[in-house]
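Chemist: Use the sequences and the hints to build the structure in full.
Each chain, written out:
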Amino acid sequence: MRYLRLWRLFALTELQFELAYRVNFVLGFVEMFLVVGTSIAAVLVLFSHTTALNGWSLDQMLVLLGVYYLIQGVVNLVLTPSFERLMEHVRLGTLDFLLLKPVNAQFLVSTRHLRVVRGMDLLLGVAVLLVGLSRMDDQLGLGAAFLFVLTLGLGLVAVYAMLLALVTLSFWFVRVENLLAIFWAFTDAGRFPVDIYPGWLRLTLSTVVPIGIAVTAPAEAVVGSLTVGTFALLAAGTAVAFGFAAWFWRRGLRSYTGASA
Amino acid sequence: MIRAYRALFVAGIQQAAQYRIQYTLYVLFSVIRPIIFLAAWAAVATGQGGRVGDFTAEDFAGYYIALTIVIHLTTAWNSLEFELEVRQGRLSPKLLRPLHPLHYSVVENIIWKVTTLPPLVAVLALIAWTFGARFATTPLHLVLFVPSIVLAAALRFLAGWCVASLAFWFTRIQTANTLFDRTAFIFAGSIAPISLLPPILQTAAYVMPFGYMLFVPAEILRGGVTASVALLLIGGQVLWLAATFALLRVVWRAGVRTYSSVGA
Amino acid sequence: MPPVVVVRDLAKTYRVSERQEGLGATLRSIFDRTYRDVPAVAGISFEIEAGEVVGFLGPNGAGKTTTLKMLSGLLHPTAGAARVLGHVPWERAHAYLRLMTLLMGNRTQLVWDIPAADSLRVLQEIYRIDDVTYRRVLSDLVELLELGPLLHKPVRQLSLGERMKVEFAAGLIHSPAVAFLDEPTIGLDVTMQVRIRQFIREHNRRSGATILLTSHYMDDIVALCKRVLVIHHGRLLYDGGLADLAERMAPHKLIAATLHDSAAGTDLSRYGTIVGNEAGRVTLRVSRAEAPEVTARLVHDLGEGLADLSLQDPPIEEVIDRVFSGEALPT
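Line order of the protein sequences matches chains A, B and C. So in our numbering, the last one in the first sequence is 261, and the numbering has no gaps at all. So in our numbering, the last one in the second sequence is 264, and the numbering has no gaps at all. So in our numbering, the last one in the third sequence is 331, and the numbering has no gaps at all.
Just so you know, not all the hints are guaranteed correct.
Unchecked claim - To give an idea of the chain A side of the interface with chain C (calculated C-beta under 10 Å), a few residues: (1) MET1; (2) ARG5; (3) ARG22; (4) ASN24; (5) LEU92; (6) LEU98; (7) LEU99; (8) LYS101; (9) VAL103; (10) ALA105; (11) SER110; (12) ARG112; (13) ARG250; (14) GLY258.
Hints listed in this document are in silico derivations from the structure and should not be mistaken for laboratory results. Bear in mind that the values here come from a model prediction, so they are computed numbers and not experimental data. No residue lacks a Cβ here, since even glycine has one placed at the ideal position from N, Cα and C.
Modeler: Here it is, written out as structure tokens:
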């Protein structure tokens with residue numbers, strides 16, 4: 001509860017700052033609109049030649065794309081700005097100040113900064129998701145809706161965990177930005193169902209860069225094609241990833257404060 | 001002029017040597033986006049009984065590999081840097097030097113491309129093998145590819161500078177960049193070979209300059225067009241290059257005038 | 001009341017991996033690293049009572065910042081123990097973190113792009129300060145530091161001195177009982193240094209907070225600290241009153257003799273080393289032990305020619321310099 005209040009305050013502070021530059025804010029929104037709009041156009045072009053992509057209809061693809069931008073939105077809204085700052089803090093030595101605050105340090109470095117404009121794709125993602133849902137023949141059942149929220153949450157945590165683990169590397173290495181750039185490049189692949197990709201890429205998108213499974217599983221939940229196997233894999237994978245990331249983060253902190261030497 | 005270029009090259013290569021790891025990593029992720037659409041089209045082709053229009057799954061592989069090479073050879077990111085230079089006032093010292101800032105960009109770009117080509121080709125060979133890429137390239141195509149890629153690189157380079165020149169007037173040109181990139185994303189052949197776009201978009205793509213930056217050289221490299229069509233497309237490239245060059249001259253002159261009158 | 005800070009044989013040794021040039025060596029070093037131990041703090045002990053302002057002196061690399069970081073909880077020591085307000089600092093218990101602050105003159109904890117007022121609001125929530133207390137503390141800080149309009153400007157628009165003032169506000173908003181200040185006046189102009197000094201003194205007087213501060217500027221120490229800790233090569237060389245420092249560490253005293261015109265030009269070099277001679281005022285350096293006797297002889301020998309005579313300790317900067325350059329050792 002306290003952490004929710006804190007986060008709300010972080011958000012309000014940053015929103016205030018961004019609104020001070022109204023033109024940038026509006027232009028930022030226009031940019032996100034262009035990006036999402038052209039991505040949908042790309043899907044429409046694909047579907048002008050087919051009615052199904054590996055079993056996914058156009059409406060189902062829209063749902064998937066909506067989930068993709070929803071996740072991207074959360075990542076861009078909170079994680080990217082916060083982690084970028086974290087790496088800067090490590091470089092400048094100002095992480096010290098964060099560690100001396102009477103708040104969970106992992107929470108602080110993961111959520112302290114937001115970029116509201118970049119989070120616009122979250123809204124657009126929800127919109128695309130709703131359009132896709134409304135065009136589907138079947139009504140969304142309560143069970144499917146529950147499963148959707150659950151898998152979406154799991155997927156988000158998985159993506160968060162892998163990002164945190166990557167960023168934690170900056171305790172030992174200077175140029176983690178390069179690794180992050182690769183992470184982002186792979187993230188692009190989340191816009192299509194993960195099963196269209198060749199094996200090595202599918203594996204990457206379900207493990208190291210779990211965006212693939214994080215997007216596909218919730219979409220499958222809505223569409224009704226989510227298998228027990230996929231769900232179990234996601235749940236177990238997320239638990240492992242989160243546990244690992246939290247452990248790795250503490251390990252990094254210990255090394256930073258000289259406790260492990 | 002030649003001597004100036006030689007000096008710039010020597011300095012540039014020394015600088016580039018320090019960024020070896022970045023280069024290799026860049027190559028790794030520059031191939032991912034083409035693979036995404038390649039995988040999507042391959043899935044569509046398989047679902048449609050093996051082909052979409054004239055393209056089989058193997059043709060798509062050939063096309064997207066050719067496209068990746070073309071993207072690599074024609075990428076010009078210096079114009080983004082330019083925006084920063086204008087904003088931070090770093091441009092002034094360069095304007096004072098007797099060499100147009102454009103030449104620095106030319107050199108940096110060429111060095112970048114040459115250093116990153118070997119790892120890129122290695123990765124692409126692996127992908128070609130995974131997807132069973134098919135090329136219909138004849139020696140004649142390769143001959144035609146040379147002028148086509150040079151024209152495409154020049155066109156993309158100058159067009160990027162046209163957009164970057166907006167920085168003379170506006171403090172934030174990110175939106176213009178995004179607009180440019182995303183329009184290119186649709187019309188340059190990234191999401192699909194232009195010949196597979198819906199009719200209206202296809203017409204638009206042949207009229208707009210974007211296809212001449214990527215699609216045209218990529219199709220020639222893949223051997224996807226006959227020699228006479230290729231010549232026609234190269235003619236289009238020449239026209240667009242001339243138009244862009246003229247536009248840049250006008251915009252750049254007006255821009256420098258504005259910039260120096262502001263006195264930054 | 002027990003001491004606020006208790007330090008026993010505290011030591012910190014950094015392990016530094018030796019880097020070799022070249023790609024091959026870099027790759028080898030991933031598997032087989034060679035380390036070198038660099039002792040930063042080599043076993044120090046001291047105590048600080050509640051409400052004291054203690055100066056921490058030492059040249060660069062003496063171990064001051066390392067000690068402050070251990071006491072604030074950022075670094076684990078290699079050996080030894082420390083308690084601050086009864087807490088082991090490096091456990092970073094939230095209860096402890098709420099009671100202390102660490103301010104570093106060369107680093108900022110403020111968010112660059114937003115006004116400090118917003119950062120302070122976030123700090124209020126982080127430290128869970130109730131509104132009444134928050135408003136009272138903030139208005140005190142605004143008054144003492146003359147913050148006024150500074151709080152509402154984005155931090156990046158502030159001058160270095162203004163930023164440091166705001167930094168103090170951010171570091172003290174939770175009314176910490178212990179404050180570690182690492183070079184709080186570094187890089188500031190003289191006027192601003194004086195202002196910050198006045199603030200620290202006034203804050204200590206009003207809040208009774210215990211303060212341990214390091215500074216390159218002796219003026220800071222002289223103005224603020226009755227007691228100093230001198231650290232060199234990771235060892236504590238001196239712990240005691242500032243006034244006694246010179247006596248303990250300087251092996252000599254200075255005699256300033258002002259001569260009347262009648263005696264001007266008298267050669268005084270046989271009494272001691274002449275270190276200054278201007279406008280009839282001669283400064284002699286004599287060993288501490290001989291000082292009383294030389295003084296007596298001067299008075300006797302010069303008689304009427306002597307206008308004024310004074311016996312002084314050498315300036316504190318000079319004493320410290322000599323300690324750090326290895327010329328003087330504690331007695």
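Chemist: Each hint: holds or not?
Modeler: Hint check results:
| no. | hint | verdict |
| --- | --- | --- |
| 1 | MET1 | 12 Å, violated |
| 2 | ARG5 | 7 Å, holds |
| 3 | ARG22 | 15 Å, violated |
| 4 | ASN24 | 12 Å, violated |
| 5 | LEU92 | 7 Å, holds |
| 6 | LEU98 | 8 Å, holds |
| 7 | LEU99 | 6 Å, holds |
| 8 | LYS101 | 5 Å, holds |
| 9 | VAL103 | 5 Å, holds |
| 10 | ALA105 | 8 Å, holds |
| 11 | SER110 | 15 Å, violated |
| 12 | ARG112 | 9 Å, holds |
| 13 | ARG250 | 12 Å, violated |
| 14 | GLY258 | 5 Å, holds |
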